[in-house]
Amino acid sequence: MTEADVQRLLAEKKIRAVSPDPETAQAEIDVARRHIASAEKIMADDSTLAFTALYDAMRKAIAAHMRSRGYRVTRGAGPHAKTGEYALAALDHLDIGAHLDEFDALRDIRNQSEYEALHVDVAEVREALEHASAIVEAIARDL
13 MTEADVQRLL AEKKIRAVSP DPETAQAEID VARRHIASAE KIMADDSTLA
63 FTALYDAMRK AIAAHMRSRG YRVTRGAGPH AKTGEYALAA LDHLDIGAHL
113 DEFDALRDIR NQSEYEALHV DVAEVREALE HASAIVEAIA RDL
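Heads up: the sequence shown begins at 13 in my numbering, then just goes up one per residue.
Worth flagging that the hints you see were computed from the coordinates, not collected in a lab.
For glycine and all other residues, C-beta sits at the position ideal for the given N, C-alpha and C.
Take the hints with a grain of salt, since some may be wrong.
Just the calculated beta-carbon pair ranges, DEER-fashion [said to hold, decoys possible]: (1) Asp-116 / Asp-154: 17 to 23 angstroms; (2) Glu-139 / Ala-23: 32 to 38 angstroms; (3) His-131 / Asp-17: 33 to 39 angstroms; (4) Ala-93 / Thr-36: 21 to 27 angstroms; (5) Ile-54 / Thr-14: 35 to 41 angstroms; (6) Val-134 / Lys-25: 22 to 28 angstroms; (7) Val-134 / Asp-17: 33 to 39 angstroms; (8) Arg-138 / Val-30: 24 to 30 angstroms; (9) Ala-117 / Asp-57: 22 to 28 angstroms; (10) Ala-89 / Arg-20: 14 to 20 angstroms; (11) Ala-16 / Ile-54: 39 to 45 angstroms; (12) Ala-135 / Ala-89: 29 to 35 angstroms.
Cut-off 25 angstroms, straight-line C-alpha distance, at most; resulting in silico cross-link-like pairs (SDA-like, lysine to any residue) [to be verified]: (13) Lys-94 / Lys-53; (14) Lys-94 / Glu-128; (15) Lys-94 / Ser-31.
Work out the full structure: start from the sequences and follow the hints.
Below, the structure is given as structure tokens:
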């Protein structure tokens with residue numbers, strides 16, 4: 013995807029323009045990194061919570077990129093899905109496409125664990141850890 017896709021998201025009112033805020037974006041990256049570290053510590057004891065922390069780390073890193081570039085998702089239904097759409101549109105240059113492709117699938121697992129009491133096993137957490145680490149660090153380098 014390209015900058016044209018970001019413009020399409022603006023036109024479709026899935027994201028909106030705001031003032032760029034690099035300081036808060038960096039703070040979000042710091043939080044995302046702490047989520048990853050926490051997930052690593054608790055995955056054996058509470059794998060579902062660890063998974064949620066990793067999903068949130070990815071989402072917060074993508075939100076940090078948006079904030080640094082002067083965008084936010086719009087209010088209303090589907091903010092996490094909109095975040096994923098932005099990631100696919102704006103982060104193509106970071107060479108993490110395979111990890112970004114997994115974000116939406118991981119969002120589905122997160123929703124099932126949140127709303128349907130799905131248990132996330134340690135193997136799924138380890139896979140999410142790989143994706144979260146790649147996404148967070150690539151975005152951190154791009155800020």
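Each hint, compared with the structure:
1. Asp-116 / Asp-154: 17 to 23 angstroms: holds, 20 angstroms
2. Glu-139 / Ala-23: 32 to 38 angstroms: With a Cβ separation near 35 angstroms, Glu-139 and Ala-23 satisfy 32 to 38 angstroms, so the hint holds.
3. His-131 / Asp-17: 33 to 39 angstroms: holds, 36 angstroms
4. Ala-93 / Thr-36: 21 to 27 angstroms: At roughly 23 angstroms between Cβ atoms, Thr-36 and Ala-93 fall inside 21 to 27 angstroms, so the hint holds.
5. Ile-54 / Thr-14: 35 to 41 angstroms: Taking Cβ atoms as reference, Ile-54 and Thr-14 lie about 39 angstroms apart, which means the hint holds.
6. Val-134 / Lys-25: 22 to 28 angstroms: With Cβ atoms ~40 angstroms apart, the hint is violated.
7. Val-134 / Asp-17: 33 to 39 angstroms: This hint holds: roughly 36 angstroms between Cβ atoms.
8. Arg-138 / Val-30: 24 to 30 angstroms: About 36 angstroms separates the Cβ atoms of Arg-138 and Val-30, which means 24 to 30 angstroms is violated.
9. Ala-117 / Asp-57: 22 to 28 angstroms: holds, 25 angstroms
10. Ala-89 / Arg-20: 14 to 20 angstroms: holds, 18 angstroms
11. Ala-16 / Ile-54: 39 to 45 angstroms: holds, 41 angstroms
12. Ala-135 / Ala-89: 29 to 35 angstroms: holds, 32 angstroms
13. Lys-94 / Lys-53: Between Lys-94 and Lys-53 the Cα gap is close to 30 angstroms, so the pair fails against 25 angstroms, i.e. violated.
14. Lys-94 / Glu-128: holds, 22 angstroms
15. Lys-94 / Ser-31: holds, 19 angstroms
Consistency with the previously given hints fails for numbers 6, 8, 13, ordered from lowest to highest.
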